[in-house]
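Next come the chains, spelled out residue by residue.
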Amino acid sequence: MSGFLLILLIGVNLAIFIGGILAITFSEFSSLRFINRSRSVIELFTNVPYVVYGYLLLLMFNEFIDLTSGFNNLIVSGLVLGGMMLPTISNKFIRVFQSVPYDQREGAYSMGATPYKTALMVLVPSQRKLFISSIIVTIVRTFCEILIVLLVAGFIIDKIAVIISIFMVAIIGTWTSQLLKKSHYKSEAL
Amino acid sequence: MLQIENLRVARNERYILKNVNMTIRSHEIVALVGPPGHGKSIFPRAINRLFPSDAAYKVEGNIFFEGRLTASIPTEKLRQEIGMIFSKPNLFPMSIYENITFGLRLIGITNKVMLDKQIRISLELVGLWKDLQNILNAPITQLSLEQQQRLCLARTLALQPKVILMDKPTLSLNSSSKSSFEELIFKLKEKYTIIVTVEDKLQAGRISDKVGFFYHGNLVEYGETKNIFTHPQEELTESFITGRIS
Chain A
821 MSGFLLILLI
831 GVNLAIFIGG
841 ILAITFSEFS
851 SLRFINRSRS
861 VIELFTNVPY
871 VVYGYLLLLM
881 FNEFIDLTSG
891 FNNLIVSGLV
901 LGGMMLPTIS
911 NKFIRVFQSV
921 PYDQREGAYS
931 MGATPYKTAL
941 MVLVPSQRKL
951 FISSIIVTIV
961 RTFCEILIVL
971 LVAGFIIDKI
981 AVIISIFMVA
991 IIGTWTSQLL
1001 KKSHYKSEAL
Chain B
27 MLQIENLRVA
37 RNERYILKNV
47 NMTIRSHEIV
57 ALVGPPGHGK
67 SIFPRAINRL
77 FPSDAAYKVE
87 GNIFFEGRLT
97 ASIPTEKLRQ
107 EIGMIFSKPN
117 LFPMSIYENI
127 TFGLRLIGIT
137 NKVMLDKQIR
147 ISLELVGLWK
157 DLQNILNAPI
167 TQLSLEQQQR
177 LCLARTLALQ
187 PKVILMDKPT
197 LSLNSSSKSS
207 FEELIFKLKE
217 KYTIIVTVED
227 KLQAGRISDK
237 VGFFYHGNLV
247 EYGETKNIFT
257 HPQEELTESF
267 ITGRIS
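Protein sequence lines, in the order shown, are assigned to chains A and B. For the first sequence, this note's numbering begins at 821 and goes up steadily by one. For the second sequence, this note's numbering begins at 27 and goes up steadily by one.
If we strip away everything but chain A, and leave its shape as in the complex, we get (with noise of 0.2 Å):
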């Protein structure tokens, strides 16, 4: 179990660190008409499950998985599970960018801020609970979908188990993400 929750953890900091640059480069950089144009492209990559993902990155990494070296098999799963997550949590960045209106923007520029101080240090921190939320609804649906692999695969032999702690983190980390929105747009409304 810690194994895996060490998987995890590599996963989502690599899909957060090059879905982080993505989404600013995309959503500071290109013009609106790009991104409304390949907004469909995206959609479609978000789509397509995780595990189709996962297994292309695994195919990829093939050469370099070990069964005699725990760490490189630890540091090509958190690879291939952060390739997993990358289209999901970049698309759902640049949504919570493009969400913050160009005033704020501007006043950050006209401070001679570039657009990745101000990414950082200003569309960041306030929309942290917005990232949070896109963070743990990725996670959440990453963690369901191996854990249904490795179900039908026939690696977990205690089937009611897994079902209902699919369940369990499904509900609890929508529930917590719906929050984590709500509690933002209320402040925002204050």
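FYI, nobody ran anything at the bench for these hints, they're computed from the structure. For every residue, glycine included, the Cβ atom is placed at its ideal position computed from N, Cα and C. Any given hint might turn out to be false.
Examples of chain B residues toward chain A, derived with CB under 7 Å [to be verified]:
hint, residue
1, 79
2, 105
3, 106
4, 118
5, 129
6, 132
With a cut-off of at most 25 Å between alpha-carbon atoms, the simulated DSS-like pairs for lysine-lysine come out as follows [as the list claims (entries may be wrong)]:
hint, chain 1, residue 1, chain 2, residue 2
7, B, 138, A, 937
8, A, 937, B, 188
9, B, 217, B, 114
10, A, 1006, B, 114
11, A, 937, B, 103
12, A, 937, B, 114
13, B, 252, B, 215
Model the placement of chain B on the given structure of chain A, informed by the hints.
Below, chain B alone, put in the same frame as chain A:
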């Protein structure tokens, strides 16, 4: 302080400012007047290269700031020396303290003593120190619109700019707040050079030393406020002053 030569600005390949020439001296308040959509708001934005995100803008011509060509100054540095405030207060959804120190943190000042000192100076300049000194960590949502706009100004002043650009700063304020904000602009003249776009020509008469009248992207007339209002040289300016063009 600022020398503008043959400034032309195109929005999506269409010129919205045409051959503007202007000289602005230190500690002057220059008001820009004209009917809506005739280029007066885009002029200050051309100075610090901060255009709206809705279209592609192209700037031609030379702008000299203290003898230096602004095109040769990095955009970030230029915007720190030429601050700007907007028609709507655009504070960040953070505390008052974090808002004012944003610019200072941006240039790498993190020393609490220095930040506190600068906050006090900025808030005193905009007349908010007495009201806000005990609630610096409160969110900005507690403030009135006028206080928010003053805080925007304080945030800009914290960076100690030499020129302040104001794009219709009193547009969202009520009449009593408007007049007190105008007094503040007039007071700031002692320390800064101010270029202000006004929504009402009478406001230009109240606060400015010089007035520039924009019409169809052209700077029709530029001169001392008193002269523009009493003896306009151009027929168009006279039509605007007398209300035939609005």
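TODO: Could you check the structure against the hints above and give me the numbers of any it violates, in ascending order?
DONE: The structure breaks none of the hints.
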